[in-house]
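Q: Its first residue numbered 1, the sequence shown is counted upward by one per residue in the numbering used here.
These aren't lab readings, by the way, just hints derived from the structure by calculation.
Heads up, a few of these hints could be off.
As the list claims (entries may be wrong) - Here are the simulated distance ranges between beta carbons: (1) 172 to 71: 16 to 24 Å; (2) 42 to 149: 16 to 24 Å; (3) 113 to 172: 44 to 52 Å; (4) 60 to 173: 23 to 31 Å; (5) 116 to 58: 34 to 42 Å; (6) 105 to 18: 38 to 46 Å; (7) 113 to 169: 28 to 36 Å; (8) 122 to 172: 54 to 62 Å; (9) 87 to 35: 13 to 21 Å; (10) 46 to 12: 20 to 28 Å.
Ideal placement from N, C-alpha and C gives every residue a C-beta, glycine not left out.
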Amino acid sequence: MHLSTGVLLSFYYEPTAGGAYRSLKMIDTVVSYGWLFHKTHDLSGNAMIGVGLIQMVVMFLGRQFRKSWLTAWISGILFTLSAIALDWTAMLLDWTQEGYWRFSIELGTIEAIPLIGGELRDILTGGGAISTITVQHLYALNSYIISPIALLLAIVHLAALLWQEREISADETAEDAFQAPDASLVES
């Protein structure tokens, strides 16, 4: 859902400092059901993070941290991290005051990373202040790099869960077939 609404929003979104806010307002007010696609995109992104975190807790409490669940664990953790990265790169894409100042604070945190912080900040901002180049860099990261990675991880994670469930079902069926007959049946 997040991917499909993102594609629909990209038809009208303008990734520039002046156009981002204006294009999202146009999507919300002029485009037929644009407000619904925009809100659904926002909510589904947050839901991906929540569901990923809840699933990790459920898997842990269900003692599904055995070696056979390794692919499901790794893909689930990486998928949740990619959902967080999608949310992080989207914080400036609406070009609101909140997004701008939140991203400014985040850039300060990134810049404090020893050795590579300054370089990461320059890559994200395009070498200067927060501007159209920054919006375009975050849009490219969000749309063309992190989104396909998240989709691939979701497919791997679901396949790993289905494979593991099939293994559990096969084990339970095998156990049922080899159980001793019921004592009441033996006596009669």
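Q: Taking the hints in turn, state whether each one holds.
A: Consistency of the hints with the structure:
1. 172 to 71: 16 to 24 Å: 21 Å, holds
2. 42 to 149: 16 to 24 Å: 20 Å, holds
3. 113 to 172: 44 to 52 Å: Given about 49 Å between the Cβ atoms, the range holds.
4. 60 to 173: 23 to 31 Å: At 26 Å between Cβs, range holds.
5. 116 to 58: 34 to 42 Å: 35 Å, holds
6. 105 to 18: 38 to 46 Å: 22 Å, violated
7. 113 to 169: 28 to 36 Å: This hint is violated: roughly 46 Å between Cβ atoms.
8. 122 to 172: 54 to 62 Å: Since residue 122 and residue 172 have Cβ atoms about 56 Å apart, the given range 54 to 62 Å holds.
9. 87 to 35: 13 to 21 Å: Taking Cβ atoms as reference, residue 87 and residue 35 lie about 20 Å apart, which means the hint holds.
10. 46 to 12: 20 to 28 Å: For residue 46 and residue 12 the Cβ distance comes to about 22 Å; the hint holds.
Checked against the numbered hints listed earlier, the structure breaks hints 6 and 7; every other hint is satisfied.
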